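These protein sequence lines are chains A and B, in that order.
Using this note's numbering, you'd call the opening residue of the first sequence number 1 and step up by one each time.
Using this note's numbering, you'd call the opening residue of the second sequence number 493 and step up by one each time.
None of these hints come from the bench; they were simulated from the model.
Take the hints with a grain of salt, since some may be wrong.
Mimicking PhoX-like on lysine-lysine, the simulated pairs with C-alpha atoms at most 25 Å apart in a straight line are [stated by the list, open to error]:
hint, chain 1, residue 1, chain 2, residue 2
1, B, K537, B, K610
2, B, K610, A, K422
3, A, K422, B, K565
Partial selection, computed: residues in chain A whose CB lies under 8 Å from chain B [stated by the list, open to error]:
hint, residue
4, A31
5, D54
6, S56
7, T95
8, T97
9, S111
10, S420
11, T424
12, S426
13, F492
Which residues of chain B face chain A? A partial, calculated answer using Cβ under 7 Å [as the list claims (entries may be wrong)]:
hint, residue
14, P529
15, T530
16, R576
17, H578
18, P604
19, Q608
20, Y611
21, Q649
22, K653
23, E658
Given the structure is predicted, the values throughout are model-derived calculations rather than measurements.
Where is the CB? At the ideal position from N, CA and C, for every residue including glycine.
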Amino acid sequence: MRAAAAVPLFLFGGLLIASDSEAEEGRIRAANQLEVYYDTNLEESVLDDRLDLDLSWGRFSGGIVFLSHSPSNPQLLDPNDFGVRQEGIRKRWATATIEPITVRLGDSYASFGNGLVLRVVEDQAVDFDNVLDGMAIEAELGRFEIEGIAGTNSLGPERTVVKGVSALFFADAGWHVSFNGAIVDSVDGTTVVPGRDQIGGIEGGAYLPGGFEVAAEYAVRHYKPEREGRSPAPDGHATYLQASGFVGPVSLFLEAKDLLRFDHGYTIPPTVARQHTSTLLNRGSHVPNIRLEDERGFQAEALWSPLQDVYLTGNYSESEARHSNLPAWEAFGMIEADFAGAHWVLLGAETEEKVREGIDRTFFERITFGGDVVRELGRGWSLEVLYETQAIQQQDLATSHFEYPLKYRDHIAAATLSLSPKHTWSVNYEWTDSPLEEKDSWLWVEWSIRFGVVGQLTLAGGALRGGQVCSGGVCKLVDPFEGGRLELLTNF
Amino acid sequence: MSRFLRRPAVPIVVLVFGFLLASLVSSPPSEAQEKAPTAPDFSAKNLKGKTIKLSDLLEEGPVLIDFWTTWCKPCKLELPELDRLHRKYEEHGFRVLAISQDDPKTVRKVKPYVEQRKYGMVVLVDPDREVGNEYSVRTYPTSFLVGEDGEILHFAQGYSKGDEKELEEKIRGLLELGPQTEAEEDER
Chain A
1 MRAAAAVPLF LFGGLLIASD SEAEEGRIRA ANQLEVYYDT NLEESVLDDR
51 LDLDLSWGRF SGGIVFLSHS PSNPQLLDPN DFGVRQEGIR KRWATATIEP
101 ITVRLGDSYA SFGNGLVLRV VEDQAVDFDN VLDGMAIEAE LGRFEIEGIA
151 GTNSLGPERT VVKGVSALFF ADAGWHVSFN GAIVDSVDGT TVVPGRDQIG
201 GIEGGAYLPG GFEVAAEYAV RHYKPEREGR SPAPDGHATY LQASGFVGPV
251 SLFLEAKDLL RFDHGYTIPP TVARQHTSTL LNRGSHVPNI RLEDERGFQA
301 EALWSPLQDV YLTGNYSESE ARHSNLPAWE AFGMIEADFA GAHWVLLGAE
351 TEEKVREGID RTFFERITFG GDVVRELGRG WSLEVLYETQ AIQQQDLATS
401 HFEYPLKYRD HIAAATLSLS PKHTWSVNYE WTDSPLEEKD SWLWVEWSIR
451 FGVVGQLTLA GGALRGGQVC SGGVCKLVDP FEGGRLELLT NF
Chain B
493 MSRFLRRPAV PIVVLVFGFL LASLVSSPPS EAQEKAPTAP DFSAKNLKGK
543 TIKLSDLLEE GPVLIDFWTT WCKPCKLELP ELDRLHRKYE EHGFRVLAIS
593 QDDPKTVRKV KPYVEQRKYG MVVLVDPDRE VGNEYSVRTY PTSFLVGEDG
643 EILHFAQGYS KGDEKELEEK IRGLLELGPQ TEAEEDER
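Put together the whole structure using the sequences plus the hints.
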């Protein structure tokens with residue numbers, strides 16, 4: 001399916017708008033996302049479309065996700081080379097609810113506890129989706145909740161089977177405990193080894209007097225040896241602890257992790273590292289370097305409001321590996337305040353990290369400062385101005401005796417002018433003195449228009465630096481891009 | 493000639509949409525004329541672990557559903573305004589459902605964040621983004637104003653200072669409260 005595939009998609013969307021989308025108890029809802037890119041370097045364009053269509057009828061519901069990917073030159077721009085299903089009906093499911101049981105067939109999701117044992121989830125912000133094609137069952141029986149899922153990964157290159165079950169008990173006193181288990185096929189090179197990862201765990205949490213809340217989870221990963229005569233691999237384990245509450249006027253948040261030999265295909269444990277609003281801080285995050293095979297660490301955050309509309313945030317996180325010298329830490333501080341008719345944010349952070357790269361490690365130090373101010377200008381107009389700067393020092397530890405560290409600085413300046421409620425114009429300028437980059441500056445402009453309930457259009461163009469983008473602890477690398485982009489979101 | 497122009501299907505589709513958009517810009521349909529989409533019903537847990545169902549709240553009045561995260565900058569700007577609207581119109585049956593899209597990595601920060609700011613609106617957590625995906629949420633904040641009959645009457649992605657004014661007008665319209673007086677506007 002190529003470019004022309006988008007036409008019937010939108011005709012279908014138009015029919016939905018024109019037709020009566022609600023008949024008796026039945027309901028139809030659809031959302032469409034159209035993106036058109038034109039890359040000025042490649043002189044190629046891509047048209048992507050995603051249609052989410054949901055239907056519900058009393059106790060039954062169902063839905064599909066329809067994708068169309070239409071590059072002008074498939075050999076250059078077609079991600080289907082990786083074997084991932086990117087076109088046609090990518091997902092489809094049907095659910096039936098007969099209280100207290102809900103059964104879902106088709107593409108299904110589930111998450112047990114804090115995600116140590118099993119986490120099957122979609123995050124559209126970073127195109128992450130480890131959906132299972134199979135069946136999921138949920139039942140709420142008084143104070144018990146039972147959840148089960150079984151299926152194959154329908155989007156990955158290798159077919160693996162995943163089965164999991166969770167039993168949760170809620171007590172009146174404000175505590176809960178759950179027992180979780182999963183059996184996951186693992187991929188050894190290109191060979192799928194059935195049921196090799198067997199994971200089980202216990203998770204609990206409680207609300208304590210004084211507004212405190214605590215949570216804990218412990219899980220074991222048993223690795224099933226496949227060949228006779230081979231000594232069994234030692235079990236892996238994962239621990240997660242968390243506590244939060246007020247100490248006087250200060251809100252405290254503490255968490256800790258301990259992961260050892262716990263790298264299996266369906267675990268996404270808490271990162272225990274701060275996720276920031278700052279682009280430069282998130283780009284240099286420790287999150288993509290977390291080692292599920294060997295990592296332990298903690299995070300502490302304090303939030304205090306000394307005056308009305310003034311908030312101070314302080315955060316420190318640290319992690320290390322048991323069996324190698326790969327430490328990482330970050331200290332972060334932020335002030336948010338409403339002052340002189342504007343909202344101000346000032347932040348600063350220092351990060352140090354050793355990352356395994358090639359035969360040895362690379363040391364990174366990043367010192368970041370940033371500021372952001374938003375002010376209403378009257379008659380629906382508002383202006384936001386942002387500046388971030390990050391000094392980076394990196395050193396290849398294998399060659400440190402004869403090579404000086406590399407030092408450079410990145411900057412981002414952005415201005416956004418909005419005319420509420422319809423229009424937003426933004427300019428983002430990024431520059432660096434890094435010798436590792438082919439370009440030293442990137443300028444990106446964007447115009448966004450809202451059309452009430454119908455949707456939103458964004459027109460943008462220029463150059464984007466790309467790099468690491470993180471959302472919810474899942475990170476992806478975005479390629480640099482030069483050209484134009486059109487995005488249209490529509491709700492039917 | 494570039495490849496872009498050599499492939500007729502792409503520019504044709506773009507033109508079709510350009511036409512569609514131009515028609516939208518030149519004669520924007522009124523809210524009443526638009527065929528309002530329907531909000532999917534859902535249930536999610538609040539910060540005390542209690543399950544809250546959208547359809548239960550809609551029985552009392554209109555609901556503004558806002559999808560946000562603790563690490564989203566415009567969300568942090570928007571939430572105090574939404575909380576103000578919630579407190580102001582709560583007695584008329586209106587509710588703000590602020591649904592955190594923080595996943596298990598950051599969801600534990602939601603409670604301290606909300607409690608420190610003493611928000612009164614209904615805050616729910618959706619760490620698996622089940623509700624968010626049902627509403628096809630791709631960026632934060634994304635908000636939907638839902639009437640008592642379940643129809644989506646307002647949709648906004650992102651937040652700019654001043655957006656809350658249009659929202660408040662719509663909420664007042666739904667609650668049949670009429671336009672704001674100058675004194676009420678000054679209270680902001």
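Hint check results:
At most 25 Å may separate the alpha-carbon atoms for a hinted pair to count; K537 (chain B) and K610 (chain B) meet this at roughly 18 Å. Of the supplied pair hints, the one linking K610 (chain B) and K422 (chain A) is violated, its CA atoms being roughly 30 Å apart against a limit of 25 Å. Restraint check for K422 (chain A) and K565 (chain B): the C-alpha separation of about 19 Å stays at or below 25 Å, so the hint holds. Hint on A31 (chain A) holds. Least Cβ distance to chain B is approximately 4 Å, under the 8 Å limit.
Below 8 Å, beta-carbon pairs count as interface contacts, and D54 (chain A) has one with chain B at about 6 Å; its hint therefore holds. For the restraint placing S56 (chain A) at the interface with chain B, the shortest Cβ-Cβ distance is roughly 7 Å, inside the 8 Å limit, so the hint holds. Taken as an interface hint, T95 (chain A) does not check out: its beta carbon lies about 11 Å from the nearest beta carbon of chain B, beyond 8 Å. Annotation: interface hint on T97 (chain A) violated; nearest CB of chain B at approximately 11 Å, more than 8 Å.
Contact between S111 (chain A) and chain B, as hinted, is supported at the beta carbon level, the nearest pair being about 5 Å apart and thus within 8 Å. Annotation: interface hint on S420 (chain A) holds; nearest CB of chain B at approximately 3 Å, less than 8 Å. At about 6 Å, the closest approach between the beta carbon of T424 (chain A) and any beta carbon in chain B falls short of 8 Å, and the interface hint on this residue holds. For S426 (chain A), the suggested interface contact is broken, since its CB lies about 10 Å from the closest CB of chain B, more than 8 Å.
A distance limit of 8 Å between C-beta atoms decides the matter here; for F492 (chain A) the minimum to chain B is near 6 Å, and the interface restraint holds. Given hint, P529 (chain B) at the interface with chain A, holds; its Cβ is 5 Å from that chain's nearest Cβ, closer than 7 Å. The closest approach between the C-beta of T530 (chain B) and any C-beta of chain A is roughly 5 Å, which is under the 7 Å cut-off, so the hint is satisfied. Look at R576 (chain B): its Cβ only gets to about 13 Å from chain A, farther than 7 Å, so that hint breaks.
A hinted interface residue such as H578 (chain B) counts as satisfied when its beta carbon comes closer than 7 Å to some beta carbon of chain A; here the least separation is about 18 Å, so the hint is violated. Below 7 Å, beta-carbon pairs count as interface contacts, and P604 (chain B) has one with chain A at about 4 Å; its hint therefore holds. Checking Q608 (chain B) against chain A by beta carbon gives a least distance of about 5 Å; that is within 7 Å, so the hint holds. At a threshold of 7 Å, the smallest CB-CB gap from Y611 (chain B) to chain A is about 13 Å, leaving the interface hint violated.
About 5 Å separates the beta-carbon of Q649 (chain B) from the nearest beta-carbon of chain A, less than 7 Å, and the hint is met. For K653 (chain B), the interface hint holds, since its Cβ comes within 7 Å of a Cβ in chain A; the closest pair sits about 4 Å apart. Proximity of E658 (chain B) to chain A holds as hinted, the smallest CB-CB distance being about 4 Å (cut-off 7 Å).
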